[in-house]
Amino acid sequence: MMRKTWIYLLLLLFYLLHNDLWFWHDARLVWGMPVGLFYHVLYCLAAAGLMALLVRYAWPAYLEHERDGEGG
Amino acid sequence: MILLLIAIYLALVLSIGLFSNRLFRKTGEDYFVASRTIGPFVLLMSLFGTHMTAFSLLGASGEAYLNGIGVFGLMASSSALMVPVVFFFIGTRLWAIGKHHRYLTQVQFFRERWESAPLGLALFLVLAGLMVPYLLIGVMGGGITLNSMTGGEVPQWVGGLLVCAVIFTYVTLGGMRGTAWVNTFQTLVFMVLGAVTFFMIVDQYGGLARAMQQVREQGNAQLLVRGDKINPWKMLTYTFIPLSVGMFPHIFMHWLSAKSARTFRYPVMFYPLCIAIVWVPSVLLGVLGRIDFDPATTPGNAVLVEMVARHAPGVLGGFLAAGVFAAIMSSLDSQTLALGTMFTQDIVRHYGFRDQLSERQQVLIGRLFVLGILLVTFILAQVSARSIFKLAVWSFSGFSALLPVAVAALFWKRSTAAGAMAAVLSVALLWIYFFVQGWENPGYTVGGTGVMPVAVMFAVSALMIVLVSLLTAPPSAATIGKFFPESSADGR
Chain A
5 MMRKTWIYLL LLLFYLLHND LWFWHDARLV WGMPVGLFYH VLYCLAAAGL
55 MALLVRYAWP AYLEHERDGE GG
Chain B
118 MILLLIAIYL ALVLSIGLFS NRLFRKTGED YFVASRTIGP FVLLMSLFGT
168 HMTAFSLLGA SGEAYLNGIG VFGLMASSSA LMVPVVFFFI GTRLWAIGKH
218 HRYLTQVQFF RERWESAPLG LALFLVLAGL MVPYLLIGVM GGGITLNSMT
268 GGEVPQWVGG LLVCAVIFTY VTLGGMRGTA WVNTFQTLVF MVLGAVTFFM
318 IVDQYGGLAR AMQQVREQGN AQLLVRGDKI NPWKMLTYTF IPLSVGMFPH
368 IFMHWLSAKS ARTFRYPVMF YPLCIAIVWV PSVLLGVLGR IDFDPATTPG
418 NAVLVEMVAR HAPGVLGGFL AAGVFAAIMS SLDSQTLALG TMFTQDIVRH
468 YGFRDQLSER QQVLIGRLFV LGILLVTFIL AQVSARSIFK LAVWSFSGFS
518 ALLPVAVAAL FWKRSTAAGA MAAVLSVALL WIYFFVQGWE NPGYTVGGTG
568 VMPVAVMFAV SALMIVLVSL LTAPPSAATI GKFFPESSAD GR
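These protein sequences, in sequence, are chains A and B. Mapping of the first sequence onto the working numbering: residues 5 to 76, in sequence order. Mapping of the second sequence onto the working numbering: residues 118 to 609, in sequence order.
The following block holds chain A by itself, in its conformation from the complex (with noise of 0.2 Å):
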């Protein structure tokens, strides 16, 4: 229950990290990318790698123990 409690609280930081006011005038290229566009590529892979936290420790397997089967 905690670690869901925590994957949640995760996914709300993720949320609130989304809004990168601190590249919005920054023209740098990182990789010949724009960094302004580099984070949020970053951003992508990351939330990959949440969702799979996501899917570990939060899954609602109920769902498959109370519903699969029953009425297909």
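I should point out that these hints are in silico values taken from the structure, not numbers from a laboratory. Even glycine gets a Cβ: it sits at the ideal position worked out from N, Cα and C. Any given hint could be a false lead.
What the hints assert, rightly or not - Pair by pair, the computed Cβ-Cβ distance ranges are: (1) B:D345 with A:A50: 23 to 31 Å; (2) B:A282 with A:T9: 50 to 58 Å; (3) A:T9 with B:V553: 40 to 48 Å; (4) B:A576 with A:L57: 25 to 33 Å; (5) A:T9 with B:A128: 49 to 57 Å; (6) A:L49 with B:F316: 17 to 25 Å; (7) B:P591 with A:R60: 35 to 43 Å; (8) A:W26 with B:D320: 26 to 34 Å; (9) A:W26 with B:W529: 32 to 40 Å; (10) A:L33 with B:P591: 54 to 62 Å; (11) A:E68 with B:A312: 32 to 40 Å; (12) B:Q554 with A:L49: 32 to 40 Å; (13) A:G36 with B:W556: 32 to 40 Å.
Stated by the list, open to error - In silico DSBU-like pairs for lysine-lysine, Cα to Cα no more than 30 Å straight-line: (14) A:K8 with B:K376; (15) A:K8 with B:K530; (16) B:K376 with B:K599; (17) A:K8 with B:K599; (18) B:K507 with B:K351; (19) B:K376 with B:K530.
Said to hold, decoys possible - Not everything, but these chain B residues come out facing chain A in the computed CB check (under 8 Å): (20) A197; (21) L341; (22) G344; (23) M352; (24) A378; (25) F387; (26) P389; (27) A393.
Got chain A; can you put chain B on it based on the hints?
The following block gives chain B in isolation, referenced to the frame of chain A:
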């Protein structure tokens, strides 16, 4: 050569649809939701292909070409978080309820959840209406692609008509299984070809860093930052738009086609990566488009195809055009199937025609409805010169604002039909109001503050369902028991 390659590609797509028809089990459930047998990889690919359309290739590159990299944060990375979250919290639960009660459409679920036929009808009308701009961008995209790739030889209406005809044929033949298979194939095609296009074009500029430097030297440094074009309120409120995925009828049908709840794990985990794979090349190519093209002469919607025509002519250009077609058709097919299913199930059958018409006649009426919708969309595509990106944002905004209805249906026992109806009607009225405002001023935000209309519509919709539900009688105990069994009460 380009036309020949596109023709071969379309024939290939049709043959997949025809092949899947051979596996058809001749039941409604098989036609509409593939007998709920779709596995994780095909579910991921078909959900992604269905969600990404002309919007993510032509629209995103066009917006980046005009306004710079900010579009990635507005739509792509926000989708990378919001879309899998919606799959996780809403999709899995709707799948379970849909399987248990054998639902085929959203309207069936909402109608029974709140024991209200008028609510079902109102939802049908609003969902079908919001779908028109979404279909429109696909038909427009097909026309623009063929027209640009052939140097204007093939008029835009031919491309639009071709897309409509191919989709109508294979959706009619293959149903959901055909659509899921074709989507998987087409999603792989446009992901791979998008990456190939990107590397080829960037190589011709001498690498990404050099190309970006050229953009800067040509006086377009503003494209490399979000800058003053997007204020933080706009960025924040844009995050509501990807929530639309929770109310798209075609996404709902794909959810129902899943084999088990476990099948959703792939789409939840890999969706953010798929988004990056498609959107990064699209946005970067849009920015690089300013090296060779000028918005005064080349519109945003056409810049990606113009770049392909200039930098990758011949055979490769034909393949790449096929990739754009793939992205467009992989959405239009599911949308078409969903609309046909909703009309057949929620109107023809629900309103008593079940006894008066044979099964064959009901299916025929469903197909005629789809044909009618495609015809209206095709005609609108001929007269619309709007930005693909902005049309999509309007469509998505309406669907997003309906999400509180789905959340209440799944997680709030006390919510009522009157509350849901108030939310749906408020969304319809506000959408029309904001759409008229936006038609006159394409960069419209609420009061010029940067706040997107979707945020206001979402808040009003949520408020309406809460307030009106609390003021009206709760649903019957039988209905609560049906949708909130004690055994699965945890997590709600």
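Now the hints, each set against the structure:
no.: 1; hint: B:D345 with A:A50: 23 to 31 Å; in the structure: holds, 27 Å
no.: 2; hint: B:A282 with A:T9: 50 to 58 Å; in the structure: holds, 53 Å
no.: 3; hint: A:T9 with B:V553: 40 to 48 Å; in the structure: holds, 44 Å
no.: 4; hint: B:A576 with A:L57: 25 to 33 Å; in the structure: holds, 30 Å
no.: 5; hint: A:T9 with B:A128: 49 to 57 Å; in the structure: holds, 54 Å
no.: 6; hint: A:L49 with B:F316: 17 to 25 Å; in the structure: holds, 19 Å
no.: 7; hint: B:P591 with A:R60: 35 to 43 Å; in the structure: holds, 37 Å
no.: 8; hint: A:W26 with B:D320: 26 to 34 Å; in the structure: holds, 32 Å
no.: 9; hint: A:W26 with B:W529: 32 to 40 Å; in the structure: holds, 38 Å
no.: 10; hint: A:L33 with B:P591: 54 to 62 Å; in the structure: holds, 58 Å
no.: 11; hint: A:E68 with B:A312: 32 to 40 Å; in the structure: holds, 35 Å
no.: 12; hint: B:Q554 with A:L49: 32 to 40 Å; in the structure: holds, 37 Å
no.: 13; hint: A:G36 with B:W556: 32 to 40 Å; in the structure: holds, 39 Å
no.: 14; hint: A:K8 with B:K376; in the structure: holds, 26 Å
no.: 15; hint: A:K8 with B:K530; in the structure: holds, 23 Å
no.: 16; hint: B:K376 with B:K599; in the structure: holds, 22 Å
no.: 17; hint: A:K8 with B:K599; in the structure: holds, 27 Å
no.: 18; hint: B:K507 with B:K351; in the structure: holds, 14 Å
no.: 19; hint: B:K376 with B:K530; in the structure: holds, 27 Å
no.: 20; hint: A197; in the structure: holds, 4 Å
no.: 21; hint: L341; in the structure: holds, 4 Å
no.: 22; hint: G344; in the structure: holds, 6 Å
no.: 23; hint: M352; in the structure: holds, 5 Å
no.: 24; hint: A378; in the structure: holds, 4 Å
no.: 25; hint: F387; in the structure: holds, 7 Å
no.: 26; hint: P389; in the structure: holds, 4 Å
no.: 27; hint: A393; in the structure: holds, 4 Å
Against the hints set out earlier in the document, no violation occurs for any number.
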